[in-house]
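Asks: Heads up: the sequence lines are chains A and B, in that order.
For reference, each letter of the first sequence is one residue, going 0 to 74 in numbering that gives the first Met the number 0.
For reference, each letter of the second sequence is one residue, going 0 to 350 in numbering that gives the first Met the number 0.
Since the hints were derived computationally from the structure, they do not count as laboratory data.
Don't take every hint at face value.
[Claimed, not checked] Computed cross-link-like contacts, DSSO-like style, restricted to lysine-lysine with a CA-CA straight-line distance of at most 30 Å:
#1 B:LYS33 x A:LYS61
#2 A:LYS59 x B:LYS40
#3 B:LYS248 x A:LYS71
#4 A:LYS71 x B:LYS278
#5 A:LYS6 x B:LYS33
#6 A:LYS61 x B:LYS248
#7 A:LYS61 x B:LYS278
#8 B:LYS278 x A:LYS21
#9 A:LYS61 x B:LYS284
#10 A:LYS59 x B:LYS278
#11 B:LYS40 x A:LYS19
#12 A:LYS71 x B:LYS281
#13 B:LYS247 x A:LYS71
#14 B:LYS284 x A:LYS21
#15 A:LYS59 x B:LYS214
#16 B:LYS215 x A:LYS59
#17 B:LYS33 x A:LYS19
#18 A:LYS19 x B:LYS278
#19 B:LYS33 x A:LYS21
#20 B:LYS40 x A:LYS6
#21 A:LYS59 x B:LYS33
#22 A:LYS6 x B:LYS284
#23 B:LYS318 x B:LYS284
[Unchecked claim] To give an idea of the interface, some chain A residues facing chain B are shown, with a C-beta separation under 10 Å as derived from the structure:
#24 ASN25
#25 LYS45
#26 ASN49
#27 ILE52
Backbone N, C-alpha and C define an ideal beta-carbon position, used for all residues, glycine too.
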Amino acid sequence: MIEDFIKNIEAEFEDLEPGKLKPESNFREAFEWNSINALILIALIKTEYNVSINAEDIQKSKTVNDIFTIVKSRM
Amino acid sequence: MAIFSIPGIRLAGIAAAVPRKEVSNYDYKWVSVKDREMIVKTVGVEKRRVAEPGTSTSDLCYTAAEKLIADLNWDKKEIELLIFISQSRDFIIPSTSGIIQDRLGLPHSCVAYDIGLGCSGWVYGISAIASMMSATRIKKALLLVGDISTLTASYRDKSTYPLFGDAATATAFELNADAAPIHFNLESDGSGYEAIIIPDGGLRNFISKKSFDYKKHGTGIYRTRFQLALNGIEVFNFALREVVPNAKKLMQEMQKTTVDFDYFVMHQANLLMNETIRKMMKIEKEKTPYSIREFGNTSSASIPLTIVHKLREQISTRKVQLLTSGFGVGLSWGSVAIELDKVVCPEVIEF
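Make the full structure from the sequences, and use the hints.
Replies: Structure representation (structure tokens):
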């Protein structure tokens with residue numbers, strides 16, 4: 000469920016206002032994207048879903064939903 | 000899969016030496032104040048020890064070894080094996096091990112050689128030293144492991160500069176029929192060799208004028224080809240993929256679980272990576288000591304430095320079961336399960 004995915008992200012990134020992040024949100028804008036945030040997202044996806052995503056996956060994704068689609072396809 | 004155990008070898012003592020000079024990542028002016036806070040909080044490195052120019056890894060190893068030999072009250076004539084493991088040797092030619100053998104005043108009958116490994120160095124080194132002692136019956140041996148990484152990190156590379164600190168260690172081993180066996184699970188995957196690399200300076204890309212040109216590799220990332228390049232995401236994924244199965248497989252072979260170990264000591268890669276591995280291993284925070292906040296990622300020295308810094312009192316007064324995992328440059332990784340029973344362990348030495 001993408002709602003759970005968003006909840007997990009909100010729990011991990013304290014600066015994020017709850018309810019602000021939507022499936023169609025551009026995560027690079029929502030997060031003040033940097034390489035450390037990328038690692039936090041990778042760690043979250045690995046621990047919560049036991050799925051590995053790489054730099055290329057992140058590069059070709061734009062929205063939260065794009066990332067979640069990749070995660071779902073590997074679960 | 001290289002899973003094996005070696006009986007009859009006792010870890011007699013551990014010492015660690017670090018440069019006196021301390022720098023704080025709060026003062027790292029190449030990045031914004033917010034980024035500095037994020038480095039401290041997420042990467043987990045607040046302070047790092049930095050060697051002065053001219054100081055080499057062997058200086059730190061020598062300092063740690065001298066103190067350890069004195070505290071052990073060992074006769075130097077009996078030390079007939081010395082292995083030096085590092086990615087930051089004194090010279091391209093010759094090996095560093097001989098230089099330290101001579102400086103320590105060890106006999107000519109001492110076998111001395113280098114092994115080129117980084118983050119997995121201590122774990123691999125114990126396997127090399129214990130195997131050789133077991134086969135040769137050499138009675139006393141020194142494993143010298145450490146790195147000076149700050150010299151080859153670019154100040155204008157935020158992906159490496161705030162991460163690394165300098166440190167070196169000495170670990171002493173002796174033949175002892177009553178010692179508990181040491182258990183290993185060691186693995187390698189050279190297909191990832193470019194993930195952590197200094198591209199120029201070896202024979203593949205011999206040093207040239209171009210080796211010193213600064214190039215941009217991303218926002219806040221400028222470095223030369225004679226400086227360390229780190230593919231953070233690739234290393235991160237590698238560690239999350241390999242370390243937990245490696246350590247679990249070792250425990251399974253030993254018919255043990257995490258409850259049988261007093262502490263899980265990991266290579267201090269970065270706090271986020273280590274904490275993710277710890278959670279995947281389902282090991283309590285109290286059983287997972289860190290030195291990364293005070294010393295940064297100290298490459299090959301990080302496991303023994305963490306043991307000396309955080310477990311000194313425990314290992315010198317009682318029997319402690321340790322599970323340790325080293326992982327990184329190579330790519331090379333492995334775990335070792337080892338019992339430390341009232342070993343000699345001086346406080347971290349400043350050089």
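Asks: Hints first: check each against the structure and report whether it holds.
Replies: A quick look at each hint next to the structure:
no. : hint                : in the structure
1   : B:LYS33 x A:LYS61   : 24 Å, holds
2   : A:LYS59 x B:LYS40   : 28 Å, holds
3   : B:LYS248 x A:LYS71  : 28 Å, holds
4   : A:LYS71 x B:LYS278  : 22 Å, holds
5   : A:LYS6 x B:LYS33    : 24 Å, holds
6   : A:LYS61 x B:LYS248  : 38 Å, violated
7   : A:LYS61 x B:LYS278  : 29 Å, holds
8   : B:LYS278 x A:LYS21  : 28 Å, holds
9   : A:LYS61 x B:LYS284  : 35 Å, violated
10  : A:LYS59 x B:LYS278  : 29 Å, holds
11  : B:LYS40 x A:LYS19   : 24 Å, holds
12  : A:LYS71 x B:LYS281  : 24 Å, holds
13  : B:LYS247 x A:LYS71  : 26 Å, holds
14  : B:LYS284 x A:LYS21  : 33 Å, violated
15  : A:LYS59 x B:LYS214  : 25 Å, holds
16  : B:LYS215 x A:LYS59  : 22 Å, holds
17  : B:LYS33 x A:LYS19   : 22 Å, holds
18  : A:LYS19 x B:LYS278  : 28 Å, holds
19  : B:LYS33 x A:LYS21   : 25 Å, holds
20  : B:LYS40 x A:LYS6    : 22 Å, holds
21  : A:LYS59 x B:LYS33   : 27 Å, holds
22  : A:LYS6 x B:LYS284   : 24 Å, holds
23  : B:LYS318 x B:LYS284 : 20 Å, holds
24  : ASN25               : 18 Å, violated
25  : LYS45               : 5 Å, holds
26  : ASN49               : 9 Å, holds
27  : ILE52               : 8 Å, holds
Consistency note: the structure conflicts with the earlier hints numbered 6, 9, 14 and 24.
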